[in-house]
Amino acid sequence: MTLQIELAGIQKYYGGYHALRGIDIAIPKGQFVALVGPSGCGKSTLLRTIAGLETITSGAIRIKGEDITRQPPRLRDIAMVFQSYALYPHMTVEKNLTYSLRLKGVPKAEARRKAEEIAEITGLGQLLDRYPRELSGGQRQRVAMGRAIIRNPKAFLFDEPLSNLDAALRVHMRAEVRKLHNSLGATSVYVTHDQIEAMTMADHVVVMRAGVIEQQGAPLDLYDRPVNRFVAGFIGSPAMNFIDGIVTEAGDRVRLTLPGDPIVSFAGHRPAGEAVTVGLRPEHLNVVSETQTGNTLRLPVSLVEQTGSMTYVVTETEPMLTIAANMSRAILTAKSIDVQIDPGHVYLFDRTSEAALQSL
Amino acid sequence: MLSSTPWKRWLLLAIAVVLVAIYLFPLYWMYVTALKTNTETFANPPTLWPHHAELKVTRVWNDMGMGSFIQNSLVIACGTVTLVVLFGTGCAYGLARVRSVWMDVALFLVLMLQVLPASLMVTPIFVAFSQLGLLSWPRTGTILATAANKLPLYIVLVRAAFTQVPRELEEAALVDGNSRIGAFLSISVPLARNGILVSAILIFLQALGEYVYSRSLITDRAYQPATVGLQFFVGPNASDWTGIMTFAAIYVTPILIIFVLLQRRIVSGLTSGALK
Amino acid sequence: MLRFNRVFRDGGGFDSALVLLALAYLVFFSAFPLIYNLVISFQSVDLFTIATFDRPFVGLENYRDIVNDPLFWPVVRNTILFVGVSVVFQLAIGLALALFFRLDFPGATWLRGLFLAGWIMPGLVVGAIWGWLLAGDFGVVNWLIQSLGLTQQKIFWLSDPSISIYSVIIANVWLGVPFNMILLSVGLAAIPADVYEAAELDGATRLQRFFTITLPMMRAQLGAVISLGIIFTLQQFDLFAALTQGGPSNASNVLQYWSWELAFREYRIGHGSVVSVFMILVVIFVATAYVRSTRHEHVV
Numbered sequence: 001m002t003l004q005i006e007l008a009g010i011q012k013y014y015g016g017y018h019a020l021r022g023i024d025i026a027i028p029k030g031q032f033v034a035l036v037g038p039s040g041c042g043k044s045t046l047l048r049t050i051a052g053l054e055t056i057t058s059g060a061i062r063i064k065g066e067d068i069t070r071q072p073p074r075l076r077d078i079a080m081v082f083q084s085y086a087l088y089p090h091m092t093v094e095k096n097l098t099y100s101l102r103l104k105g106v107p108k109a110e111a112r113r114k115a116e117e118i119a120e121i122t123g124l125g126q127l128l129d130r131y132p133r134e135l136s137g138g139q140r141q142r143v144a145m146g147r148a149i150i151r152n153p154k155a156f157l158f159d160e161p162l163s164n165l166d167a168a169l170r171v172h173m174r175a176e177v178r179k180l181h182n183s184l185g186a187t188s189v190y191v192t193h194d195q196i197e198a199m200t201m202a203d204h205v206v207v208m209r210a211g212v213i214e215q216q217g218a219p220l221d222l223y224d225r226p227v228n229r230f231v232a233g234f235i236g237s238p239a240m241n242f243i244d245g246i247v248t249e250a251g252d253r254v255r256l257t258l259p260g261d262p263i264v265s266f267a268g269h270r271p272a273g274e275a276v277t278v279g280l281r282p283e284h285l286n287v288v289s290e291t292q293t294g295n296t297l298r299l300p301v302s303l304v305e306q307t308g309s310m311t312y313v314v315t316e317t318e319p320m321l322t323i324a325a326n327m328s329r330a331i332l333t334a335k336s337i338d339v340q341i342d343p344g345h346v347y348l349f350d351r352t353s354e355a356a357l358q359s360l
Numbered sequence: 361m362l363s364s365t366p367w368k369r370w371l372l373l374a375i376a377v378v379l380v381a382i383y384l385f386p387l388y389w390m391y392v393t394a395l396k397t398n399t400e401t402f403a404n405p406p407t408l409w410p411h412h413a414e415l416k417v418t419r420v421w422n423d424m425g426m427g428s429f430i431q432n433s434l435v436i437a438c439g440t441v442t443l444v445v446l447f448g449t450g451c452a453y454g455l456a457r458v459r460s461v462w463m464d465v466a467l468f469l470v471l472m473l474q475v476l477p478a479s480l481m482v483t484p485i486f487v488a489f490s491q492l493g494l495l496s497w498p499r500t501g502t503i504l505a506t507a508a509n510k511l512p513l514y515i516v517l518v519r520a521a522f523t524q525v526p527r528e529l530e531e532a533a534l535v536d537g538n539s540r541i542g543a544f545l546s547i548s549v550p551l552a553r554n555g556i557l558v559s560a561i562l563i564f565l566q567a568l569g570e571y572v573y574s575r576s577l578i579t580d581r582a583y584q585p586a587t588v589g590l591q592f593f594v595g596p597n598a599s600d601w602t603g604i605m606t607f608a609a610i611y612v613t614p615i616l617i618i619f620v621l622l623q624r625r626i627v628s629g630l631t632s633g634a635l636k
Numbered sequence: 637m638l639r640f641n642r643v644f645r646d647g648g649g650f651d652s653a654l655v656l657l658a659l660a661y662l663v664f665f666s667a668f669p670l671i672y673n674l675v676i677s678f679q680s681v682d683l684f685t686i687a688t689f690d691r692p693f694v695g696l697e698n699y700r701d702i703v704n705d706p707l708f709w710p711v712v713r714n715t716i717l718f719v720g721v722s723v724v725f726q727l728a729i730g731l732a733l734a735l736f737f738r739l740d741f742p743g744a745t746w747l748r749g750l751f752l753a754g755w756i757m758p759g760l761v762v763g764a765i766w767g768w769l770l771a772g773d774f775g776v777v778n779w780l781i782q783s784l785g786l787t788q789q790k791i792f793w794l795s796d797p798s799i800s801i802y803s804v805i806i807a808n809v810w811l812g813v814p815f816n817m818i819l820l821s822v823g824l825a826a827i828p829a830d831v832y833e834a835a836e837l838d839g840a841t842r843l844q845r846f847f848t849i850t851l852p853m854m855r856a857q858l859g860a861v862i863s864l865g866i867i868f869t870l871q872q873f874d875l876f877a878a879l880t881q882g883g884p885s886n887a888s889n890v891l892q893y894w895s896w897e898l899a900f901r902e903y904r905i906g907h908g909s910v911v912s913v914f915m916i917l918v919v920i921f922v923a924t925a926y927v928r929s930t931r932h933e934h935v936v
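Chains as they are written, first to last, in our numbering: chain P, 1 to 360; chain S, 361 to 636; chain C, 637 to 936.
Among the clues, some could well be false.
[Stated by the list, open to error] Below, a sample of chain S positions facing chain P; criterion: calculated Cβ distance under 8 Å:
id	residue
1	P405
2	V535
3	G537
No lab work stands behind these hints, which were simulated from the structure alone. For glycine and all other residues, C-beta sits at the position ideal for the given N, C-alpha and C.
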């Protein structure tokens, strides 16, 4: 497998601040990688080091096997789409698109032809002679994309490119970016703080926190098998519920610190008496009409939020739990609710290290 | 804004016009005097409007030797602006882009040098220049000293213009394959163009009115600028006031025209630079 | 070449080089003279020794001479008077105008901008014009105050020793008002309108709003404008050259003009430097206060 981008042991200090702490990522050609994490986790910094806009303290960046760690941006042959789009306001759309070509000395006529071709692909048809200030947000976004595509670079970098668009357009552009990636056979690294964007677009998701990669892998792997409480809480919407619990004598059940000390069973075995954090995804709490045997909880209702397709029930417990239920008018007036849990969907985390606990 | 009723707004406008008129009366008086005959100038009571307006531009220009004065003023102003733009633009850019302790120190130094009065700096400069033999080229010496005096102000103003240019634009240019110098010249400078232009014009106008250095470093009449020339005619025993006011009017009219044309931009450039 | 490329063409060396270039110029033509000035103030310098490098050091003799000079204290007093009165009037008139032009009427911004015409004029020309306005026998100011019945006698603005300094102050206030007004306008504009609306709902009168909202919120701005006013007034030289030349008999002389006179009229260059050193210390003190206050502003 040829690696298009390879990051090995990247460390970055800003003075005394340790921004990136040993980042290793291997990206094969054609892959769409999403860097995701809360703000300040270092994902944008990491992207900028790939572009060459930030130097790194130690480690290596290789593109197609060639070490480019010390190369300036202009020699890296990488394109970047900025959050603000960074369109040159004093240039027309055409000049914006062809800026990199003109720097390379591509003849005018050929640059123009390429610009028209790109405009066709990105749907900018008649806008080549406009200035960025005359374009709508979505059109600017397309110019920024076009400017990256026209160069046919070794990799595309995206720095939260959709965050300035309104919600509807964002969903539309998500699909469009991904389609473009596929049709170009490109290699892309995409930074976002929105885990839904990461999950829906990427082949490979990298979850970062405080300069460290918490977990990386295919989107569903992260969803199904989070390695720690942070990833479990970050991936999935609404976020996973966490409740403290103690493993019972039998070793395959856990007593939750909820009113009535309910006990639920989980898949596998843990030492009796172990203090754990139990993770339950809202969508794994199945609302059942009457008390059934095994793995059910009765929970007092505090608030019901309706989105139309889904209904979210917030319980009046400490901690508060969120339950995702299908639309049902009965829930609206219910004082309490019964939910059932599949033991296979009960996640256990160590209370101190927060690491996911494997079955013994 | 505080809103008011229509008639009140017009009343306010009238008061504002009166205030401006009072403030600008000295300028008006300069022009009126320049147009009066010698006898009318000394009439009592003074006439607020010239009865027999006469233009004495050519007479004053020739009698007072204004050609050489104005030419020297232009030479000094152009030289100063060239040096200031050449040295100051890049410095302003660097100070706007890089955030570090060293840059803060540099900025502090620039701000401190901005306030040094020319009248106090001229003595050591005179001594040093005479030791270096620079006084043999008095206009060059004046340009060098004036540029050093105006450079900090230009840097402060243009720095404010550069901070308005988003950093990402330049980064996009770097990723697109440009070098630092290339991105500076093709992205940052064109986008800060207005600020640079207005600041340069401001420095030009100030250098055009420069007095202390020219007075102190230039002894030869043939190289002295208009300020020194004008000073020669005023003084406690001045009598040819029509001539002096004509001289002044010829000298400042171009300055005032440039100012009125660029008024809004100069004001905004000044306020953003001075306080941020 | 590769190293050069890395540092200047693509690296941070580019910014540093640009900054250092200008700093080198400033160090050579501003900072060095500043220090050289100090050196000269300890030397005996006259027309004959000016071009040589080994001038006799005389220690603090120049400083003793200046402080014991009969002119020293009168000139210091004049300088304080000049700065104090100028700054107070510039600020008061500037603030009044800034408040007035904040009102809503057509052309407010444009008319306000016209005031800067005074500021852009060469100081020497302003001096010449005021010299004519204030002329003793035929000046329009004398005619005006006489016909308004304010005085019977003509006032000899420029040649009366007890008045001449005030003539320069008048011209200086005229020069300084526009700058004060514009900077204060910026400060006023920065106060959000909803704060005033909230105060009005809370029942504050116009006057109360000025004292409880405008003034407190303008504190930093006022500090900056006062420091800049002091600095610009201490820089004022051209008006003295055009109006009174420190006269009559030094009645309107101030330190910055005296320093120049000592060096360039009487060729007592060492003595001129001493006065210059005093003044520069004062200017730097005020400027430090100003820069620190604006930096502070930034953090908040």
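Hint check:
no.: 1; hint: P405; in the structure: violated, 58 Å
no.: 2; hint: V535; in the structure: holds, 5 Å
no.: 3; hint: G537; in the structure: holds, 4 Å
In terms of the numbered hints stated before, the structure departs from hint 1 and from no other.
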